[in-house]
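Please construct the entire structure, taking both the sequences and the accompanying hints into account.
Under the numbering used here, the first residue of the sequence shown carries the number 6, and numbering increases by one thereafter.
No wet-lab data here; the hints were simulated from the structure.
Glycine included, every Cβ here is placed at the ideal spot set by N, Cα and C.
A hint or two may mislead.
Stated by the list, open to error - Ranges of calculated distance between the beta carbons of each label pair, as one might list FRET restraints:
| # | residue 1 | residue 2 | range |
| --- | --- | --- | --- |
| 1 | 502 | 176 | 50 to 58 Å |
| 2 | 579 | 278 | 44 to 52 Å |
| 3 | 166 | 227 | 46 to 54 Å |
| 4 | 101 | 392 | 23 to 31 Å |
| 5 | 188 | 308 | 20 to 28 Å |
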Amino acid sequence: MMQKLVGKVGLALALMYLVTAPFNTKINAQDDGLNLPTELYTLLNEGVVQRYGLGAAGIASLTPDDAFVVDFGVAPDALWLAYRTEAGLTLSDLLTGEARSIEATSAGLPPFRGRGDTLAWSPDGAALAYTTEAGVRVYFPVSEAFFEIVISPLLHLTWSPDGLFLAAEAENNIWWIYRREGDTLVLTSALPSSVGFAWVGEGLLLFAPEAGGLALMDVSNGNAQSQLSDEGTLFRYPAVQGDGSVAIFGRSANETTLDPALSYLYRVTPGETVAVTQISDIPVDLSELRWAPGGTLLLALRGGVLALIDPASGQGFTLPTNGVVAYGWGALRPASVAALPMTATGYFLAPESSTGIIEPWRLANDGTQAVPVLFTEADVTAFAAAPDDATYAYHSAGQLWLLPAGVEAATPLLTVDAVQALHFNIAADTLIYAVDDTIYTLALPDGEPQILLTAYSQPQSAPNGETLLVRLGDGDLGLLVLATGEVKRLGAFVWGKWLTNGAILAYGALASGGDAGVYLADASGQAVPFYTPPSGIQAVDGALTPQNTIRLLLRRSTVGPAPLSSVEIPANGGAISDGGAVGYLGAPQFSPDGRFMVGYGSAAGTLVVYDVIARQAIALTQPPNVQAYQWLAFR
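Now the structure itself:
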């Protein structure tokens, strides 16, 4: 059994050699902000949840002023926040600001705070567990069902990487392990003593008995155990690192001169034989310490103050905040680069580094780093690039502006409080935009605004410039023929978009209340069924590839976090190809040719690019706080 478990560890952790670099962690304040492994979330005495962004992203308050939050849990996509007040449990969409009440006072309150995660999402976002005075309660978003376990008060909850097991920590280092079966949980194991705990694979956990030693347990294989180290060493608080190794603290069981709170840093290296190695001879005070994601940094919450601690040296840096009662982390972002080549150019809004003013940035398809394309004295709230990729229109300081290619100073076009869906037509001689429920055109360079449609919104120009896709006042999608002014109703579609061949791709139903599916429509406005997603699944975007296939992006049709996946279907019909799992991405958009997806790796505005062919996600390091991404149209 020992050999079997060790082999499973080797596969699960996927590391065959010792690496020491991950412990060279910078914890000091950087010139451009805090060097954190991912976004840090804190709950203050005032009942407010705040987010510390990466780098220069800054600090943001996330919960309503009138909500006194008692605990919270960040979703695995870092786009949703679950929080409790005395009134109940709420889910908040951090991108849109929309919130939904999930449960009233039956959600209970946590018996402890600041000693662990009291609201914990499963990695697939399909379950949310939270501690209560009676034990633990679990919410399942797909079925909207609840399940309750009555048990002694709990400190901390953590799901296995596959989301099949929930570990719950009680006082005195006692752990209870539950297996998820549908919308219920079944007790599968108990650890009478473990100072800390780490999932190191699917159903495989590493634990450190208080009496000493280190062991593995496979809860998916009858709780089979394997001893990795004897009781001669007292191990504490294991954490899995990004390279697959395990960081853990330890000290000799016979040590008498060292303060009991102090221990040394060790590493557990998997392979055919597991190596347990001490890698630091500097003792670290483990009082009130918890690992940050990735296992290269520790946090200490002492007296309402948070400090980042280097696990190898014990040196720390105090965060500029007081009155912290609990904290949590966002998802680790994927590998980061300054830029990467893509098949299309994109634009987005983000703060300019020296002024903090929100400006338009250009992310070129040639792999060069994103740069601002203009500088204003006030935030830009809407932006459009012409097909020449050099002429710009934007809204700032209550005015609509035009900046032609090669001109240094922008020209004000008109005074207007706000505009939506701003874009150029394909000839770049007209601006099209909406103000509330009215669509306007503006001939360039010096025309006057003309009302095109009233009680319509969300205009999208066709690649041939002859029609507009519009949203009717009753919520349906329609097609406006510019030459005649005729509006053709398409259907009750949630979203619709132009494909590069001039067809319309839409998701929804032909009539309100109908079964949802993916439809194709041509210039005649006749929508025909193309693809019906499985039950409980919705399409969120699509694109036409150069191979004349339509690539669709799918997710669960539930409120809250849901990982994405893709399928590919010949445009003329045929066999469906599975594009595989994509993971989490906020507000995802396919590039015009469907090769790339761009979206947000967190609600803090981390821009993530997903390469569909390579099946790899990459985050852009700069700038922070990205919003309103758009691909260059008609190119």
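**OP:** Can you let me know if the beta-carbon spacing of residue 101 and residue 392 is within 23 to 31 Å?
**Re:** Taking Cβ atoms as reference, residue 101 and residue 392 lie about 30 Å apart, which means the hint holds.
**OP:** Mind checking the hinted window 44 to 52 Å against the Cβ distance between residue 579 and residue 278?
**Re:** At roughly 51 Å between Cβ atoms, residue 278 and residue 579 fall inside 44 to 52 Å, so the hint holds.
**OP:** Could you tell me whether the CB distance from residue 188 to residue 308 stays inside 20 to 28 Å?
**Re:** Since residue 188 and residue 308 have Cβ atoms about 41 Å apart, the given range 20 to 28 Å is violated.
Original post:
Is it true that residue 166 and residue 227 lie within 46 to 54 Å of each other by Cβ?
Top reply: 20 Å, violated
Original post:
Could one say that the CB atoms of residue 502 and residue 176 fall in the range 50 to 58 Å?
Top reply: With Cβ atoms ~54 Å apart, the hint holds.
When held up to the earlier numbered hints, the structure conflicts with 3 and 5 and fits the remainder.
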